[in-house]
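Visitor: On the provided structure of chain A, position chain B as indicated by the hints.
For the protein sequence lines, the chains are A and B, in the order given. Once you know that position 348 of the first sequence is 348 in our numbering, the rest is easy, because the numbers rise by one and skip nothing. Once you know that position 110 of the second sequence is 1110 in our numbering, the rest is easy, because the numbers rise by one and skip nothing.
Bear in mind the hints are in silico, worked out from the structure with no lab data behind them. Among the clues, some could well be false.
Stated by the list, open to error - Taking lysine-lysine and the DSBU-like style, the derived pairs with C-alpha atoms no more than 35 Å apart in a straight line are:
id, chain 1, residue 1, chain 2, residue 2
1, A, Lys411, B, Lys1097
2, B, Lys1221, B, Lys1267
3, B, Lys1450, A, Lys56
4, A, Lys56, B, Lys1094
5, A, Lys36, B, Lys1049
6, B, Lys1319, A, Lys296
7, B, Lys1094, A, Lys156
In case you want the letters, here they are:
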Amino acid sequence: MSLPGSHLKNLDYSVLQQCMHCGLCLPTCPTYDATKLERNSPRGRISLMRAIADGKLEASKAFAEEMYYCLGCLACMTACPAGVNYAELFEHARAEAEQSRVMDSPFRRLIRGFTLHWLFMDLRRLQWVGLAIRLYQTLGLQALLRNSGVLNLFPKRLRELEAMTPAIQPEFSSELIRPVTPPQGQRRYRVAMLIGCAQDLIFSDVNRDTVEVLSRNGCEVVTPPEQFCCGSLHAHNGEWELAQVLARKQIDQFPPDEFDAIISNAAGCGSHLKHYSKLLEHDPVYRKSAEQWDRKLKDIHEWLAEIGIAAPANRPGRGEAVAYHEACHLCHGQQITVQPRQVLRSIPNLKLREISESTWCCGSAGIYNLIQPEMAGELLERKLKNILASDAQILATANPGCMLQIINGAKRQNIELRVVHPVTLLAEAYRSESSTRIGDPETVRKGRAV
Amino acid sequence: MPFDIPILNPLRAIVGPNNVLTSAEDTIPYSFDGTAALTQMPGCVVFPKDAGQIAGILQIANEKRVPVVTRGSGTGLSGGSLPCPDCIVLCTAKMDKILELDRANLTLLCETGVTTLAIADAAVGAGLFYPPDPGSMKISTIGGNVAENSGGLRGLKYGVTRNYVMGLEVVLPDGELMWLGNKCVKDVAGYSLKDLFIGSEGTLGVISKVLLRLIPKPASKKTMVATFNQMDQAADSVSAIIAAQIIPCTLEFLDRTTIHCVEDFAKIGLPLDCEALLLMETDGHPAVVAEEAAHMERICREQGCLEVRVAKTDEEAVKLASARRSAFSALARVAPTTILEDATVPRSELARMIRFVEAIAKKYRLRIGTFGHMGDGNLHPTFLTDERNTEEMHRVEEAFKEIFDEAIRLGGTITGEHGIGLAKKAFLPKFAGGAQMRVMRELRRVLDPKGILNPGKMFD
Chain A
1 MSLPGSHLKN
11 LDYSVLQQCM
21 HCGLCLPTCP
31 TYDATKLERN
41 SPRGRISLMR
51 AIADGKLEAS
61 KAFAEEMYYC
71 LGCLACMTAC
81 PAGVNYAELF
91 EHARAEAEQS
101 RVMDSPFRRL
111 IRGFTLHWLF
121 MDLRRLQWVG
131 LAIRLYQTLG
141 LQALLRNSGV
151 LNLFPKRLRE
161 LEAMTPAIQP
171 EFSSELIRPV
181 TPPQGQRRYR
191 VAMLIGCAQD
201 LIFSDVNRDT
211 VEVLSRNGCE
221 VVTPPEQFCC
231 GSLHAHNGEW
241 ELAQVLARKQ
251 IDQFPPDEFD
261 AIISNAAGCG
271 SHLKHYSKLL
281 EHDPVYRKSA
291 EQWDRKLKDI
301 HEWLAEIGIA
311 APANRPGRGE
321 AVAYHEACHL
331 CHGQQITVQP
341 RQVLRSIPNL
351 KLREISESTW
361 CCGSAGIYNL
371 IQPEMAGELL
381 ERKLKNILAS
391 DAQILATANP
401 GCMLQIINGA
411 KRQNIELRVV
421 HPVTLLAEAY
431 RSESSTRIGD
441 PETVRKGRAV
Chain B
1001 MPFDIPILNP
1011 LRAIVGPNNV
1021 LTSAEDTIPY
1031 SFDGTAALTQ
1041 MPGCVVFPKD
1051 AGQIAGILQI
1061 ANEKRVPVVT
1071 RGSGTGLSGG
1081 SLPCPDCIVL
1091 CTAKMDKILE
1101 LDRANLTLLC
1111 ETGVTTLAIA
1121 DAAVGAGLFY
1131 PPDPGSMKIS
1141 TIGGNVAENS
1151 GGLRGLKYGV
1161 TRNYVMGLEV
1171 VLPDGELMWL
1181 GNKCVKDVAG
1191 YSLKDLFIGS
1201 EGTLGVISKV
1211 LLRLIPKPAS
1221 KKTMVATFNQ
1231 MDQAADSVSA
1241 IIAAQIIPCT
1251 LEFLDRTTIH
1261 CVEDFAKIGL
1271 PLDCEALLLM
1281 ETDGHPAVVA
1291 EEAAHMERIC
1301 REQGCLEVRV
1311 AKTDEEAVKL
1321 ASARRSAFSA
1331 LARVAPTTIL
1341 EDATVPRSEL
1351 ARMIRFVEAI
1361 AKKYRLRIGT
1371 FGHMGDGNLH
1381 PTFLTDERNT
1391 EEMHRVEEAF
1401 KEIFDEAIRL
1411 GGTITGEHGI
1421 GLAKKAFLPK
1431 FAGGAQMRVM
1441 RELRRVLDPK
1451 GILNPGKMFD
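Pulled out of the complex, with its shape left as it was, chain A reads as follows (with noise of 0.2 Å):
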C-alpha cells in the first residue's frame, strides 16, 4: 500500500480488534514457549502494533526487534479460534518497522539494498551470484579455503555464515526443463510452473521433479526460463511497494485466465502468491486478475491431491521410513497437511513414520536463520531432536528453506539422513516405472531437460 503515513495507523482497526487475547496462541508459539514472555508472544506483539495504532507507543527499536524476532512461522493463525489474520499483522508490523528507520545503519542499508532491491528484483542477478558460488564451489576454491584454516581468521559468525553456503547446483531449472513440457498421455490440464529463486539455485532439480511429475499426471507444464521472484521476501521483510511490483510481474508473466493452475512447490513462496488480491486490493488494474491468481494458484501437493494422484508401481530401494517435517508456511500458512502425506502415502516401498511436532518450525523460517541464530540453532536442534526419534531414514519437506536448514543440522552433527522434497520421492518412483519411462533415462539421470 503506498499511502502515506503509518502502516499500522492506515491498517483496517478491526483486523487489530480481531485479536480478543484469549492467549491460546501461547502455546505454539516458539519464541514464548523459548522465553516465556509476552511481548515474544502473537498476542503481545499485536498488543505492541495495536499501541502503535493507538499512538500510545513509537515504532521504536525494541518494537522493530520484536517483529523481527517473530519467525513468521504463522503456528498462531492455526491456533487461533477467532482467525486474526497474523500474517497481514505481521507484514505490516514490519513494514511500520521499516518506514520508521528505527533499525537503520550504513551496514543494513547496503545488505537490504543489495538483497532486497536488487538482486532479488530480478532473477537474473541473482544466478549470476549463484554462477559465482558454482565456480568457488567447483573449482575447489571452497574446499581450499575450509582446509587451508585461513577462514579460522574470520570472526566464528563469518565462519558459520560460511559453513552454511548451500551447494549451487550443477544446473538452473532453465537447463533442466523446457519452456513447455508435454504431458504424458492424454492432456488433462496445462498448468504455470513456477520455479521460485533459493528452489532454482539450490534445489532445480526439485523443479524437474515436479515438471516430470506433473507431466506424468497428465499436464502440460509452461516453465518460461527467465522468472521472477514471487516477493515474499520483499513483504516479510517490509518491503509492501517491491513485493506489489514483484506481484504485478507476475500476474503478467503468467496470466490467470490461461491456466488450470499455477504450480508452487516452494511452501514459502506458496503461502504469499495465494495472497496477491490482498497486496494489489488497491490496484484497480490488477485487483480483478489478482483475485483469480489467487484462485489458481496451487501447492504442488494441493494440486496432485486435487487432481488424483497416478499411483507409481514401484519405487527403487529397501522399504525405508521416510519422516515428514511440515514447512509452517505450508501446514499453517496453507492449511495443507494432508495432501503431502497422501503423496508419501502413494510411493510403494516407503513408510511414512510420523515425527512429534511435526509442524514446529525447524528455525529457517526464510532468512531468520541468518538474523537470529541463536534462536534458529534451538529450533533447529529440537527438529533433529524429533527427527532422530522417529528412525527415519529421509527426511521429506517440501519448502528449500527447511530442506537446506536440516541438510546443515544434520551434517553438522554427522547424522547420515536424506532430505528431500516428497515429489522427488515420487518422480524417483515413475522413473523406476520401466513401462513408464519418462523420456530418455541417460537424459534424465545427467540432468538434461525432460
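Guide: Using the frame of chain A, we list chain B on its own:
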C-alpha cells in the same frame, strides 16, 4: 512512567535484572488478560523462580505499599489478573516444574506456573486422570486455576479445581510461607485455610506450589452430539437427564451462532442446520456407559431432538471437546468485541433462563451467542459487540444487569467459574449480602493488612 524507581533495584537484586521488565514494549503485553475491553498498564513485571523470591518481592511491596497483581498466563475472564495502576505484576510463568507424581498416594505436586495441560498429560502418563479442563487449559496455569477455582467441561460429574486441591504452599504479604493441607485423604485439624485460598483471586496470598489429587482413568467413554430445533428443548433435555438421576461427565450446549463460529474454525463437521446442540459424554465402566448413553439418547428424542450422533472414535470425541473449548474465542470471528458472562442457575431453571437471555438480547437489540456447561446450569451468554461503540456497550451493561438479577431471582449465582475480579465487582454486594461482605472484608484485612494484594478486585 511514574513508577517508583527506588523499588526496582531491590527487585532486580532478588530475581535478577533480566526478570524485571519496565520498558513500554515489555509491559504493554501485560496490560490485559483474557477479559474483553479492560486494559491497565502495570508499573513493572517480575518473574520469580521460587517461593523464596516471591517472599522477597512481597516484603518489598508490603514495606513500600506497592500493589502486587499475581498473574499466570493471563487467560482469566473477569479481569482478575488485570494490573492495577503502577503495580508490580508478579508473573509465575517461569515456575513451571512438576515436582513429584506420587503413584502410591495418587497425588501430583507442582509449581504454580505449570499449565493445566501439562498436569493432565502427566496424569495420563501415569495411567491416571486430572479432570478439571477449563477452556484455556492448554496454557492456563494451575496457580491461576486454583486462585479462580476454575471449572471446565467435566464439572458435572467430576467437580471443579477445588475438588482436586489437597495442599497449597502460600506466601503471605509479609513474606511468611504457609503449607496448607497434605497427602491425607482426611484432615480436620483446624480451619480449612486451604479452601479459603482456593478462589481467592490473588487477594489473600500468592500460591507458589500446588498438591493435586489424581483419580483412576475411566475405563471407557462415549461421546454424543444431539441437535435441536429450539434452544429450550435442549435445556429441557438437560433438566430431564438430571431428573432421571444420570450424571454424565459432560453436558455442553452451543447455540446456532456459536455452532457456526466453532465449525468455521475447527472444521470437524458440526451439524449447522439446528438452533441448539448438546455435546454429551459419559464415562466409566463400559456397561454403565452404554446404558447411560442409551438413556440420554432416549430422553433427547422424547424432547424432540432432530438427531443424535455418536462419536465413532476417541479421536473424534477429543476433537468435539476441543472444538467446544474454543467456543468463546471462536465467537470473536463475528464481532470485534465479545463480552461473556457466566451466570449460573439451578438446573431445574435452565429453560427459563435460556428464554430470559433470548428475550433480553431482543429487548436491548444486541447480538448474542450462548454456550455453556448446561449440565452445571452454567451458561455463557456472550454479547457480540464493538467496544468503540459506547452506546451499544451501555446497552450491553444494562442487559447484563438484568441477566444477573434474574439469575439471583432464580436461586443462581452471578459467576459459576470465572470469578468476580473487576468485571462482576459491582454485582457482588447485592448477591452476597451485608453479612457476607463484612466477613470477607475482615478476612482480607487480617491476611493483607496493608491491602497490597490485587487491590480493587472482587470488592473494595
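Visitor: State for each hint whether it applies.
Guide: The hints, checked one at a time:
no., hint, in the structure
1, Lys411/A with Lys1097/B, "34 Å, holds"
2, Lys1221/B with Lys1267/B, "23 Å, holds"
3, Lys1450/B with Lys56/A, "33 Å, holds"
4, Lys56/A with Lys1094/B, "29 Å, holds"
5, Lys36/A with Lys1049/B, "12 Å, holds"
6, Lys1319/B with Lys296/A, "31 Å, holds"
7, Lys1094/B with Lys156/A, "32 Å, holds"
Of the numbered hints given earlier, the model fails none.
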